[in-house]
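Residue numbers (UniProt numbering): 1 to 467.
Quick caveat, the hints were computed from the structure, so don't treat them as lab data.
Zero decoy hints are in this set.
Below, simulated DSS-like cross-link-like pairs (lysine-lysine); rule was C-alpha separation at most 30 Å, straight line:
id	residue 1	residue 2
1	K292	K266
2	K234	K466
3	K33	K459
4	K466	K135
5	K266	K337
6	K459	K206
7	K7	K206
8	K194	K206
9	K235	K7
10	K235	K458
11	K218	K459
12	K194	K182
13	K7	K120
14	K378	K416
15	K439	K33
16	K234	K378
17	K235	K223
18	K206	K458
19	K120	K135
20	K120	K466
21	K120	K194
22	K266	K416
23	K415	K337
24	K461	K120
25	K378	K442
26	K206	K223
27	K284	K266
28	K266	K437
29	K234	K33
30	K194	K459
31	K378	K206
32	K284	K182
33	K194	K235
The following label-pair restraints were derived from C-beta to C-beta distances:
id	residue 1	residue 2	range
34	W338	E317	12 to 22 Å
35	T6	P84	36 to 46 Å
36	E329	L119	51 to 61 Å
37	Q82	E451	40 to 50 Å
38	S264	A464	48 to 58 Å
39	D184	D318	26 to 36 Å
40	W262	A464	55 to 65 Å
Using N, Cα and C, we set each Cβ at its ideal position, and we do this for glycine too.
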Amino acid sequence: MEKDETKFTILMFPWLAYSHVFPFFELAKSLSKRRTFHIYFCSSAANLGSIENNLNNHKLRCNDDDDVSIDLVELQLPPSPQLPPHFHTTKNLPPNLVPILLQTFQESSSSFSRILIDLKPDLLIYDFFQPWAAKQALSLSIPSIYFATAGAAPFSYFHHLHTHGSASTFPYQEIYLSDREKADLNAVVAPEIKDADQDFAFGNFKLSCDIVLIKSSKGLEQKYIDYLSVLCRKKVVPTGPLVQESNIKDDDDDESEVIMQWLSEKDRFSTVLICFGSEHLLPKEQIVEIAKGLEQCCTNFIWIVRFIMDENALRLEDELPEGFLERVEGRGLVVQKWAPQAKILSHPSIGGFVSHCGWSSIMESLYFGVPIIALPIKFDQPINGRLVVEAGCGVEIGRGENGICSAEEVAKAIKKVIMEDSGEGLIRYNARNLGEKMKTEKEIAANEVAEELLLICKKSKQHADKI
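All chains should be modelled from the sequences, with the hints used to inform the complete structure.
Written out as structure tokens, the structure reads:
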């Protein structure tokens, strides 16, 4: 970049969920390297602590502070007796408080308005639950871009449903929802979103200036990206997987060290990771069936397990089948709290991932070439799971009418990926091949995103200069 070239400022504003915050932050790091952009990253204090740690680790790896042009900006949420400041994030948030957090987040719009006025960014990149932020930016003649942190397959499916009134004509029939999943989706009451339009996705696609960014990979979702572009009548630009490369110095605490040491003693591809994210909890009935399935399939495993009740008030032994921990000793490691998922997935001993199919988990697993054993829970996750199956990179665990997966189905799916010769080799080959494609696409996608945003910033500046 020439020294006299304009440096544009971008304000990034994700929803307060970790599954949104960290894709935004990975995109922020990518853009900040371009030296064409200075990034302001806005979130609650509860999230900024983790972001600051991540940023400091990133600076250490870069070994040059000038490579990271990111300033953190605190969003002031109004005080609430039901929602103390440490709950201004979805991480470890009791489920009954999620609607209150969303409401409180929307009531922070006046704080965000002051941030916009003070910073006067050249561009806003905003998230799903705040079309009001895009409208505030528009009122100040600041262009704004919607960044979708879910995949193109579910967005195109639901946009088709919104546009045509039926999913039966969706052009890719490998993607569908079962009757039970449709009922679960219909049971979710749409939240009241400030300044939302009646258009699809609260009007976010319509509000977005010229393009829409989406956390996706062409190698996995090219046809869904193309169809979504047709539906929303805007260019949909994939950002790539936005997966943070595992680094041996990161997450270097005693607990993660124990996990990685245990894993290093296992054979290549011999171990399965079981994890359902930081925001999804399984009923005890399903936990028990998973435990029984792990006993039946006799493979090595790391299971990151969480409970619906207060974890600190529960004994792990009381929530699992009697004697389970003793019977799986040596080949199974059960972790009750946090574990370094990306670092585990990148380890050569991992041969499969039993996942809830949250989009970030899908991206991490495939990026590291690990096949997925899908046990989706809600929202877009069933579609994500079927996308993986369609790509030949995993299997979906069969369910009963009550939505619970039996021990037999859990064991059957794990064996197909980890242990059996028939089909196992192809699934792993497909996953590893896709992972290599995603790594190759990573820099290409980063360049395309930067170029698109630079064009929008220059166009907006030229328009302002004429006024």
